[in-house]
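Okay, here's what each chain looks like letter by letter:
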Amino acid sequence: MKKNLDFLMTGYARLCAVAVFLATSLLLGFLIKRGLSSVDLKLFFGDTHWLSAITGTQPVFEGIWPAVVGTLFLVLLSSAISIPTGVASGVYLSEYASGRVRSFLGFAVDVLSGTPSIVMGLFGFTMILFLRNTLLPQARPSLFLAAVCIALLILPYVIRTTQTALEAIPEHLRLLGPSLGLSHWHNIRYLLVPLAGRGILSGVILAIGRAAEDTAVILLTGVVARAGLPASLWDKFEALPFRIYYLAAEHRSQAELDQGFGAALVLLLLTGFLFLAAFFLHAKFEKRWKTH
Amino acid sequence: MGANRAGLISERGIQRSLLIVTGISAVAILFMLALLVYFCLPLITSDGMSAVLSWEWKPFSGHFGILPMCLVSLLLSVFALGLAFPAAIGICGFVTVLAPRGLARFFLILIHFMTSIPTVIYGFVSVFLLVPLVRDRLGIGTGFSFLTAGLTLSLLILPTIVLIFHARLQQIAPSLRLTAEAMGLTPARQFLHVLIPASSRGLIVAAVMGFGRAVGDTLISLMVAGNAPQIPSSLFDSVRTLTAHVALVVATDSQSLSYRSIFASGLILFLLMGGANFLIRRLDDGIGKDRHEEEP
Amino acid sequence: MENTLAPSSSATVTIRDLSVAFSGKMVLNSVDLALCPGELTVIVGPSGSGKSTLLRAVNRLNECFPGCRTRGEVRIRLDGRWGNVYDDFLPLPELRRKAGMVFQTPGVLPFSIRKNLAMPLKTTLGIAGSVLAERIERALREASLWEEVKDRLDDAATTLSGGQQQRLCLARALALEPQILLLDEPTASLDFRAARKIEQLLTSLKQRYTVLAVSHSLGQTRRLADKVYVLREGVIGQEISGECLQDPKTFEKLIEDAF
Chain A
1 MKKNLDFLMT GYARLCAVAV FLATSLLLGF LIKRGLSSVD LKLFFGDTHW LSAITGTQPV
61 FEGIWPAVVG TLFLVLLSSA ISIPTGVASG VYLSEYASGR VRSFLGFAVD VLSGTPSIVM
121 GLFGFTMILF LRNTLLPQAR PSLFLAAVCI ALLILPYVIR TTQTALEAIP EHLRLLGPSL
181 GLSHWHNIRY LLVPLAGRGI LSGVILAIGR AAEDTAVILL TGVVARAGLP ASLWDKFEAL
241 PFRIYYLAAE HRSQAELDQG FGAALVLLLL TGFLFLAAFF LHAKFEKRWK TH
Chain B
1001 MGANRAGLIS ERGIQRSLLI VTGISAVAIL FMLALLVYFC LPLITSDGMS AVLSWEWKPF
1061 SGHFGILPMC LVSLLLSVFA LGLAFPAAIG ICGFVTVLAP RGLARFFLIL IHFMTSIPTV
1121 IYGFVSVFLL VPLVRDRLGI GTGFSFLTAG LTLSLLILPT IVLIFHARLQ QIAPSLRLTA
1181 EAMGLTPARQ FLHVLIPASS RGLIVAAVMG FGRAVGDTLI SLMVAGNAPQ IPSSLFDSVR
1241 TLTAHVALVV ATDSQSLSYR SIFASGLILF LLMGGANFLI RRLDDGIGKD RHEEEP
Chain C
2001 MENTLAPSSS ATVTIRDLSV AFSGKMVLNS VDLALCPGEL TVIVGPSGSG KSTLLRAVNR
2061 LNECFPGCRT RGEVRIRLDG RWGNVYDDFL PLPELRRKAG MVFQTPGVLP FSIRKNLAMP
2121 LKTTLGIAGS VLAERIERAL REASLWEEVK DRLDDAATTL SGGQQQRLCL ARALALEPQI
2181 LLLDEPTASL DFRAARKIEQ LLTSLKQRYT VLAVSHSLGQ TRRLADKVYV LREGVIGQEI
2241 SGECLQDPKT FEKLIEDAF
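Chains as they are written, first to last, in the working numbering: chain A, 1 to 292; chain B, 1001 to 1296; chain C, 2001 to 2259.
There may be inaccurate statements among the hints.
[Stated by the list, open to error] In silico lysine to aspartate or glutamate, EDC-like type, Cα no more than 20 Å apart, as pairs:
(1) 3(A) to 1181(B)
(2) 2115(C) to 2155(C)
(3) 284(A) to 2155(C)
(4) 2197(C) to 2256(C)
(5) 42(A) to 256(A)
(6) 2206(C) to 2177(C)
(7) 2122(C) to 2177(C)
(8) 2115(C) to 2151(C)
(9) 2122(C) to 1011(B)
[Unchecked claim] Computed footprint of chain B on chain A, listed as stretches where at least three residues anywhere in the stretch have a Cβ under 8 Å from a Cβ of chain B:
(10) 9 to 17
(11) 57 to 71
(12) 146 to 160
Hints were generated in silico from the structure; no laboratory data involved. Every residue gets a Cβ at the ideal spot worked out from N, C-alpha and C, and that includes glycine.
Input sequences plus hints: build the corresponding full structure.
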């Protein structure tokens, strides 16, 4: 009887692990098998020559290049907005803020992090409605708007990971700076931030990954199926995750379906790469403290 | 000495600028909330809310009820949680106690990796793998159903639950395991009888976070749930969640009257997630007082 | 016993009626203490008696902890002038350079050996170039570490042994040219030989600096100290110096009585 319980529990745990492993392998294997053959220059650039596509001299019609560029711009813009702001805020919350300020701001950050991405997209959408009714009647959903909304989406990640990384510094190292006569800011800049650097960086990379894969926000703030390369910040744009979604729902030929698989694989490779980078940084970060 | 003076001034300056930047973050958040509230006001003031809180969604005949979507969002999330939660416990047991070091590490990395897979990819693979399975093998309907969405969603939220619970276990396991080992318990029993009860709060937090993640997800239900605005009568019915509803209404860009429904949806979603978050905050504060720590 | 209440001409640090509380909880209660140059003063006491807090009161490091309230005076003599550090006699960063501290666990930073020493010099004093290299070498020689690391200054400081790391921390404090050294159980985490080496170092350093140390080992205290204060629950119970220190039996009895 007693042995049975052990057996059951162990068996169940093993079963769960195997099931998850199988599900994930199935997912990845299926994607790789159907998508790998499609990943070539034609996937990206269609019939246009790659050099003229990249330099923008000729438009790309059948390839995913505009979507890739759209995602790239989106990620760059939203990162430029949210990463410096987030790290600075994280530093402030961890090292300067008093109890009251900290709980108030912490609450605001919590609210933000608990907002579903579709609601964030809704916010962007309402911005347009609001502007249309008041200041700018020609307001349109655009790359800039989407980037701002995504920046708001990933801001709490950056703030939280910066705060956590700084708070993880052991006490005897925190006292070191002041004991050597460093001012508060010097202590933060030359000691604490470099020490927490890797942790902060891995959080930043995860935030970037989140920005690259988001679909819900851009659905409501200006992404379309066909727009070519983004001509300006204020126009509609294409993005990789949306292209994938669109092709899944509206593909009209086998060729388009293949493109979908190829695009999915490309996106997966992108996020997979970011994941590895963040993972190794984080592992090295943890190692730093173990030598003491 | 001069360096000191300048140092003091820039010290103040830096504190000020950091405060300003943090203030900007806070203001952005508040602005976002204010805007959403502004657009939701007409709902509360007029009888807008009651029009939206009905059971029929037929925009062209003037019905803007979103209650079916609310129900579906809740049911689907509970279903996904019901699948993912037990599996998550099993995996945590495996990784924390029952598996050899190397294998445990591998699985942890795998679970971490799963969190980095974009949601749209889960949806995409589900469309071309799971949907035909339900349609052809089980032979019912179009394959786009509650069941399909539920299965995919549970796979999506599984890593979240595992990682949160695992983190909690890592905090308390070392000291407790030694004690349990000394009492002669096998690893499986240690997990079942000691670790799980001792981390019950962590379990709840993990479950609530998983639930929150399921409720807030848009893409999976958009891609595989079928999107029919109805109350499901079987697992194989086509359904629509609140999140998918918002995306669909904005996409079809129909009359502005239906916009009211998406703001109501947004409000409900926001409150749901906010409620879940609040619950977690309350639980997290008490997390230091888990049972094993309260004992003398 | 010496009159420890008036600033005697030979003292460099006088602590008068010092009381420190953290969030209402009293850790030090009306402590009086005097340190003289050329003397190694040791504080002993049971754990939790406030020894580290007393040490940190001199360089005002207690203020880095939340809820700290300090009453009383810590007067130090610098370049012939006396002043109470709690009256902002010196700006905080300068005070902390003048009263250099070494902690129990070697607070070695995960940088190179050179950078461990260079960083505080560069950021607080703006020293660079050849002057920097000179200061680094001088500090390392003073800490008896130069011969062992001169060929590998760019190696990670974490590759040093425990004793070497602790001497590195000492060098780091010495590089800032302090006048007072505050040592919090400096050999607590070291093995017997490394500890002895540091003890020898301290015996030579006390000639040039005023040294206040906390020790966990009574044997070490007897070997090193010129004056011993026994701290118990935040209150100084005994001051031991001179012949009482020399004779082991008298010393033991005094300590036991005090504890």
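We went through each hint and held it up to the structure:
1. 3(A) to 1181(B): holds, 17 Å
2. 2115(C) to 2155(C): Distance ~10 Å between residue 2115(C) and residue 2155(C) Cα, so the pair holds.
3. 284(A) to 2155(C): holds, 18 Å
4. 2197(C) to 2256(C): Violated: residue 2197(C) and residue 2256(C) sit about 28 Å apart, past 20 Å.
5. 42(A) to 256(A): Measuring from Cα to Cα gives roughly 12 Å; hence the hint holds.
6. 2206(C) to 2177(C): Holds, because 14 Å separates the two Cα atoms, which is no more than 20 Å.
7. 2122(C) to 2177(C): holds, 14 Å
8. 2115(C) to 2151(C): holds, 14 Å
9. 2122(C) to 1011(B): holds, 17 Å
10. 9 to 17: Coverage by chain B holds here, the residue count being 8 at a Cβ distance below 8 Å.
11. 57 to 71: Coverage by chain B is violated here, the residue count being 0 at a Cβ distance below 8 Å.
12. 146 to 160: holds (count 3)
In this structure, the hints that do not hold are numbers 4, 11, in rising order.
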